[in-house]
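Engineer: Here are the chains, one letter per residue:
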Amino acid sequence: MLNRKDALTVTVLLSISFIVLPQSYGSQMQEHGVEAESTHGEGAGICPVMHKEASKEYSYAYKGKTYYFCCPACIGEFKKNPDKYISRIKEINLEAFQFGFSPDKITVKKGDIVKLDATSRDVTHGLYIKEYGINVRLKKGETKKIEFVADKTGEFDILCSIYCGRKHHDMKAKLIVEE
Amino acid sequence: MKKLLRDKKDLVILLLGILFLIKIPQGGIRFVFWVLSGVLIAAGCDILIKRFFLHQELVLKSAIISGFIVSGILDYHQPWFILLIFSLLAILSKHIIRFKGRHIFNPANVGLLAASLFGIPLTWNIGSRIYITIAVGIYIAYSIRKLPHILGFLIFFIGLFVSQGINPFSLISWFFIFIMLIEPKTSGFGKLRGFIFGSIAGIASFVIYRFSPQYDFFIGSLFVANLFNPLLERIKK
Ligand SMILES: [Cu+2]
Numbered sequence: 000m001l002n003r004k005d006a007l008t009v010t011v012l013l014s015i016s017f018i019v020l021p022q023s024y025g026s027q028m029q030e031h032g033v034e035a036e037s038t039h040g041e042g043a044g045i046c047p048v049m050h051k052e053a054s055k056e057y058s059y060a061y062k063g064k065t066y067y068f069c070c071p072a073c074i075g076e077f078k079k080n081p082d083k084y085i086s087r088i089k090e091i092n093l094e095a096f097q098f099g100f101s102p103d104k105i106t107v108k109k110g111d112i113v114k115l116d117a118t119s120r121d122v123t124h125g126l127y128i129k130e131y132g133i134n135v136r137l138k139k140g141e142t143k144k145i146e147f148v149a150d151k152t153g154e155f156d157i158l159c160s161i162y163c164g165r166k167h168h169d170m171k172a173k174l175i176v177e178e
Numbered sequence: 000m001k002k003l004l005r006d007k008k009d010l011v012i013l014l015l016g017i018l019f020l021i022k023i024p025q026g027g028i029r030f031v032f033w034v035l036s037g038v039l040i041a042a043g044c045d046i047l048i049k050r051f052f053l054h055q056e057l058v059l060k061s062a063i064i065s066g067f068i069v070s071g072i073l074d075y076h077q078p079w080f081i082l083l084i085f086s087l088l089a090i091l092s093k094h095i096i097r098f099k100g101r102h103i104f105n106p107a108n109v110g111l112l113a114a115s116l117f118g119i120p121l122t123w124n125i126g127s128r129i130y131i132t133i134a135v136g137i138y139i140a141y142s143i144r145k146l147p148h149i150l151g152f153l154i155f156f157i158g159l160f161v162s163q164g165i166n167p168f169s170l171i172s173w174f175f176i177f178i179m180l181i182e183p184k185t186s187g188f189g190k191l192r193g194f195i196f197g198s199i200a201g202i203a204s205f206v207i208y209r210f211s212p213q214y215d216f217f218i219g220s221l222f223v224a225n226l227f228n229p230l231l232e233r234i235k236k
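In order, the protein sequence lines correspond to chains B and P.
For the first sequence, counting from 1, position 157 maps to 156 in numbering that gives the first Met the number 0; every step adds exactly one.
For the second sequence, counting from 1, position 58 maps to 57 in numbering that gives the first Met the number 0; every step adds exactly one.
Take every hint as true, because none was put in to throw you off.
Pulled a few chain P residues facing chain B out of the computed Cβ check, cut under 8 Å:
{"#": "1", "residue": "Pro120"}
{"#": "2", "residue": "Ser127"}
{"#": "3", "residue": "Ser169"}
{"#": "4", "residue": "Gln213"}
Taking CB as the label site, the calculated pair distances span:
{"#": "5", "chain 1": "P", "residue 1": "Ala134", "chain 2": "B", "residue 2": "Thr142", "range": "39 to 45 Å"}
{"#": "6", "chain 1": "P", "residue 1": "Ile17", "chain 2": "B", "residue 2": "Asp156", "range": "25 to 31 Å"}
{"#": "7", "chain 1": "P", "residue 1": "His76", "chain 2": "B", "residue 2": "Ile91", "range": "20 to 26 Å"}
Just a few of them, taken from the derived set where beta-carbon distance is under 7 Å, the chain B residues facing chain P:
{"#": "8", "residue": "Thr123"}
{"#": "9", "residue": "Tyr127"}
{"#": "10", "residue": "Arg136"}
{"#": "11", "residue": "Ser160"}
{"#": "12", "residue": "Ile161"}
{"#": "13", "residue": "Gly164"}
{"#": "14", "residue": "Arg165"}
{"#": "15", "residue": "His168"}
Derived from the structure by calculation, the hints contain no laboratory data.
For glycine and all other residues, C-beta sits at the position ideal for the given N, C-alpha and C.
Produce the complete structure using the sequences and hints provided.
Structural biologist: Structure below.
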């Protein structure tokens, strides 16, 4: 039998790790993906030129759309050939439902900026792409904007990370990043 | 056969084995190794602790069940160390977190709760066949006298979800109810106690789903119900 003191120490350590680690993991989770719409209001997403986090301070409107950049130099660069950069932005509406995703296949090129407008048709689902460190909760009636740079080639599973019923484990879509 | 099934744990292992086999065509080779490794890790860890620390006799059925549950629910695309950590944690919790000489938390559930808190997706692969789970589950629940637990859970689970306009049957996990909720040692005996235990879990599952669905609401709800065990123990049978 472990003695009382040991047991207590281990229990305390476990509880602390339960509380502290998820939080640090949570911040890690968005390492690659930038959740544009966070609780702090709408973010600026990813700079189409440098692929860094953009700021609202540096914006440029083109053909009725506003683009955000990470620095003034990038705006200059963008202005030289806007269509070149815009063609590398892939905007996709993704809907989760019981039990699947629509569309169930997303194909992009390596280096594209992928912008997902994700929502749920019914109950709460989770949008999970392990290799891109994305794990976002999708509630019915709420649209989450998720942005990331498709910097790894291959076929990646898009899974549901929140239990949503009998065929939860069947919820699957593919992210295909071509060379 | 009759002798084998007298201990209901054998029946649970049999059911888990069948659910596992059914899932293999879809899960593939990685799923097979994932689940078997989970069972081996859990059983191995239990052997080590019982043999060298507690000097107890080796009864491994519980550890095998825990291993099946943890590995069958965790997403099997995760790295192997994830399986190792959370299977070990399940067994360790059983030997470490104790109240009056008994463990009060369902071991597999502790492992899965930790995984859920870390943001590891729980895909519940093993819980996909509902008819066999319900059929065998009702028999198990009846014979180990756990029907009050299930009744309490269902009343609140169904009631609360319906009140929010959500179809409870599209969300319910029968695997959770019949395999995890009524685990003999951590759910308590007696009609009233069982009913209250189930009710707490039912209410907790709804609250978690409603307010922090990023944590698995079944796993979370069982943890909450287990927390009440020291209190519920005061209820006379
Ligand atoms: Cu889902």
